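S.K.: In order, the protein sequences belong to chains D and A.
First residue of the first sequence? That's 1 in our numbering, and the numbers climb one at a time after it.
First residue of the second sequence? That's 166 in our numbering, and the numbers climb one at a time after it.
If you're looking for bench data, these hints aren't it; they were derived computationally from the structure.
Predicted model only: the values in this text are computed from it and were never measured.
Mixed in with the good hints there might be a few duds.
[Unchecked claim] Each computed EDC-like pair below joins lysine to aspartate or glutamate, with the alpha-carbon atoms no more than 20 Å apart: (1) A:K346 with D:E156; (2) A:K500 with A:E398; (3) A:K216 with D:E156; (4) A:K223 with D:E156; (5) A:K216 with D:E155.
[Stated by the list, open to error] So these bits of chain A aren't anywhere near chain D, every CB distance computed over 10 Å: (6) G167; (7) Q231; (8) R247; (9) N429; (10) R495; (11) D555.
All C-beta atoms, glycine included, are put in the ideal place defined by N, C-alpha and C.
The lines below spell out each chain.
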Amino acid sequence: MRTWKFGDNIDTDAIIPGRYLVYNDPLVLASHAFEGTRNDFAKGVAPGDVIIGGRNFGCGSSREHAPLALAGAGIRYVVAVSFARIFYRNAVNVGLLPLVCPEADAIPDGDECRVDVDKHLITCGERTYPIEPVPGFLLRIADAGGLIPFARNLEEVDRCTGSQQ
Amino acid sequence: MGATIVEKIFSSKCGHSVRAGEVVMAPVDGAMIHDITGPLAIQNFFEMGGKEVFDPEKIILLFDHQVPADSLAAAENHVFMREFARNQRIHNYDIREGICHQVVLEKGKAGPGEIIVGADSHTCMYGATGAFATGIGSTDMGFVLKFGALYFRVPETIRAEVSGKFQRRVGPKDLILSIAKDIGADGATYQAIEFCGETFATMPIHGRMTCCNMAIEMGAKAGLVPPDEVTYEYMHSRGRTGRVSIESDPDARYAARKKYDVTNLPPQVAIPHNVDLARDVGEVAGTRVDQVFIGSCTNGRFEDLADAAEVIGDREFDDSTRVIIIPASRDEYLKALQTGLIERFVKAGALVEAPCCGPCMGGAFGLLAPGEVSLSTSNRNFRGRQGSADASVYLCSPATAAASALYGEITDPREV
Ligand code: SF4
Numbered sequence: 001m002r003t004w005k006f007g008d009n010i011d012t013d014a015i016i017p018g019r020y021l022v023y024n025d026p027l028v029l030a031s032h033a034f035e036g037t038r039n040d041f042a043k044g045v046a047p048g049d050v051i052i053g054g055r056n057f058g059c060g061s062s063r064e065h066a067p068l069a070l071a072g073a074g075i076r077y078v079v080a081v082s083f084a085r086i087f088y089r090n091a092v093n094v095g096l097l098p099l100v101c102p103e104a105d106a107i108p109d110g111d112e113c114r115v116d117v118d119k120h121l122i123t124c125g126e127r128t129y130p131i132e133p134v135p136g137f138l139l140r141i142a143d144a145g146g147l148i149p150f151a152r153n154l155e156e157v158d159r160c161t162g163s164q165q
Numbered sequence: 166m167g168a169t170i171v172e173k174i175f176s177s178k179c180g181h182s183v184r185a186g187e188v189v190m191a192p193v194d195g196a197m198i199h200d201i202t203g204p205l206a207i208q209n210f211f212e213m214g215g216k217e218v219f220d221p222e223k224i225i226l227l228f229d230h231q232v233p234a235d236s237l238a239a240a241e242n243h244v245f246m247r248e249f250a251r252n253q254r255i256h257n258y259d260i261r262e263g264i265c266h267q268v269v270l271e272k273g274k275a276g277p278g279e280i281i282v283g284a285d286s287h288t289c290m291y292g293a294t295g296a297f298a299t300g301i302g303s304t305d306m307g308f309v310l311k312f313g314a315l316y317f318r319v320p321e322t323i324r325a326e327v328s329g330k331f332q333r334r335v336g337p338k339d340l341i342l343s344i345a346k347d348i349g350a351d352g353a354t355y356q357a358i359e360f361c362g363e364t365f366a367t368m369p370i371h372g373r374m375t376c377c378n379m380a381i382e383m384g385a386k387a388g389l390v391p392p393d394e395v396t397y398e399y400m401h402s403r404g405r406t407g408r409v410s411i412e413s414d415p416d417a418r419y420a421a422r423k424k425y426d427v428t429n430l431p432p433q434v435a436i437p438h439n440v441d442l443a444r445d446v447g448e449v450a451g452t453r454v455d456q457v458f459i460g461s462c463t464n465g466r467f468e469d470l471a472d473a474a475e476v477i478g479d480r481e482f483d484d485s486t487r488v489i490i491i492p493a494s495r496d497e498y499l500k501a502l503q504t505g506l507i508e509r510f511v512k513a514g515a516l517v518e519a520p521c522c523g524p525c526m527g528g529a530f531g532l533l534a535p536g537e538v539s540l541s542t543s544n545r546n547f548r549g550r551q552g553s554a555d556a557s558v559y560l561c562s563p564a565t566a567a568a569s570a571l572y573g574e575i576t577d578p579r580e581v
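Using the sequences and the accompanying hints, generate a full structural model.
M.R.: And the structure:
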């Protein structure tokens with residue numbers, strides 16, 4: 001399980017270019033992930049690999065095709081210094097776990113790594129890096145396996161029940 | 166401690182006071198889906214066990230990104246959505262009306278104090294009417310189609326107070342590019358931006374739309390202009406009567422207070438490959454451009470086209486530059502047609518297309534080859550956004566785009 005390292009402001013156009021948005025199949029999308037911006041990714045990625053991003057990962061369009069393309073490639077965890085809002089939410093909804101790691105910049109590309117969500121740690125090579133806990137309501141969705149399985153069991157929603165995150 | 170306009174909108178929808186940072190399951194007043202994100206949203210709706218949508222009247226469904234269908238896959242997506250609309254008794258605007266965000270506003274589907282979601286990041290544009298409007302993904306939209314509600318984390322608000330009068334041929338797009346530069350591409354992540362001050366008080370609705378449209382380029386969840394006479398007049402013209410006045414309390418708690426003055430603001434151009442890389446036009450003047458695009462939900466309205474036409478006059482575009490002009494909607498197209506703008510553009514050498522997103526997101530026509538340079542009035546210049554990842558996109562106002570099209574290079578519109 002290797003890391004794939006990216007920089008700051010990785011936008012959803014880079015993750016999946018606009019011309020592939022006619023497809024909804026995660027596997028098809030995965031075959032075009034990062035096309036044009038990092039061509040070795042789609043060929044080299046293996047299930048369980050981890051994406052490492054800098055600041056504002058996933059900015060730009062609301063296209064869910066972006067997290068779907070990564071999920072299709074077998075990615076489970078995306079670790080970044082910070083995430084763009086819509087990507088973050090979409091990722092949880094499709095069953096990817098976005099993990100905020102303030103020190104993500106220090107994680108090298110191509111390193112062996114292991115993510116331990118419960119212990120809030122990611123271990124790459126010899127080093128460990130702290131990750132921030134996922135907010136409660138999102139964790140409930142993530143634990144259900146994404147928003148679809150979460151919603152499938154709901155008949156009605158409890159509107160306007162406030163909760164502190 | 167007072168409340169921000171955003172806190173008030175959520176509080177009024179929820180019937181009790183909610184504050185920034187709280188997570189609520191709030192009802193929505195409207196939901197928009199288009200041909201790119203719609204199919205997935207519908208698929209997710211069914212996978213969630215959805216049978217009937219929460220309220221067909223509150224759903225806006227249309228096609229704008231790949232119209233007329235430019236591939237077999239796009240055509241199949243359209244058929245899928247048409248059937249869904251028919252079966253669910255949702256009005257289908259199909260390929261007829263134009264760009265989603267413009268159409269939502271023109272049809273009076275977003276107004277002051279409402280919560281609107283759209284499966285598109287630039288949904289924040291409806292904040293121009295004082296709505297809380299935000300872009301969501303397709304799975305969230307599937308959930309909304311089923312339940313008519315969604316989890317929201319009530320955002321903190323950045324207050325952007327703008328004063329001063331624009332110079333000639335400088336306007337809202339230049340302002341918002343300069344604000345994006347100041348706040349940064351992620352400077353407002355998870356927050357709302359409230360635009361206010363004398364410049365906004367006197368800004369027509371189309372300019373407010375341009376500014377709110379680009380709130381997302383700073384990571385914001387929403388951009389809003391508190392409703393005033395300009396808003397009500399627009400709402401009335403869209404068949405919506407009544408007034409909902411809602412504004413932040415003077416002692417509301419803001420995440421930040423920003424002040425800007427447009428008096429000496431020169432035209433702005435965002436250079437590749439990020440929206441927050443705005444430069445004064447003088448710094449990039451002379452850069453050769455292969456393609457100029459005037460259009461998109463950011464700057465495809467009649468007033469934008471009129472700004473461009475005013476700069477062009479009776480002149481023709483540079484021979485080595487291709488110019489694509491696309492009105493944002495059928496209404497805007499008609500206005501441009503009736504006032505002779507379309508004729509003027511065609512005479513100047515532009516390709517004027519029917520209302521749609523066009524080259525804005527690089528999914529349909531007007532793509533760029535490697536090494537090419539585009540100057541665009543749209544909202545994003547990410548690498549690969551308009552075609553090849555080795556092409557460059559610069560962003561600017563309609564006036565700057567028009568001036569540049571005349572000379573085939575980035576040109577200060579104040580000097581032509
Ligand atoms: S014009 Fe561009 S930014 Fe606006 S909705 Fe269409 S693709 Fe998105």
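S.K.: None of the hints should be skipped; say for each whether it holds.
M.R.: Now for the hints, and whether the structure bears them out:
1. Between A:K346 and D:E156, the direct Cα distance comes to roughly 43 Å. Violation of the 20 Å bound is thereby established for this hinted pair.
2. Proposed proximity of A:K500 and A:E398 is supported: the alpha carbons are some 18 Å apart, at most 20 Å.
3. Distance hint between A:K216 and D:E156 is fulfilled; the C-alpha atoms sit about 13 Å from each other, no more than 20 Å.
4. A C-alpha spacing of about 18 Å is found between A:K223 and D:E156, which places the hinted pair at or below 20 Å, so the restraint holds.
5. Annotation: proposed proximity of A:K216 to D:E155 holds, straight-line Cα distance about 11 Å (limit 20 Å).
6. Listed as outside the interface, A:G167 is consistent with that label: its C-beta sits roughly 19 Å from the nearest C-beta of chain D, beyond the 10 Å cut-off.
7. Distance check for A:Q231 against chain D: the nearest CB is about 7 Å away, which does not clear 10 Å, and the non-interface claim fails.
8. Under the 10 Å C-beta cut-off, the non-interface status given to A:R247 relative to chain D holds; the minimum distance is some 16 Å.
9. A:N429, annotated as away from the interface, keeps every beta carbon of chain D farther than 10 Å; the closest lies near 29 Å.
10. Every Cβ of chain D is farther than 10 Å from the Cβ of A:R495; the closest lies at roughly 24 Å, confirming the non-interface assignment.
11. Annotated as non-interface, A:D555 brings its C-beta within 10 Å of a C-beta of chain D; the closest such distance is 8 Å.
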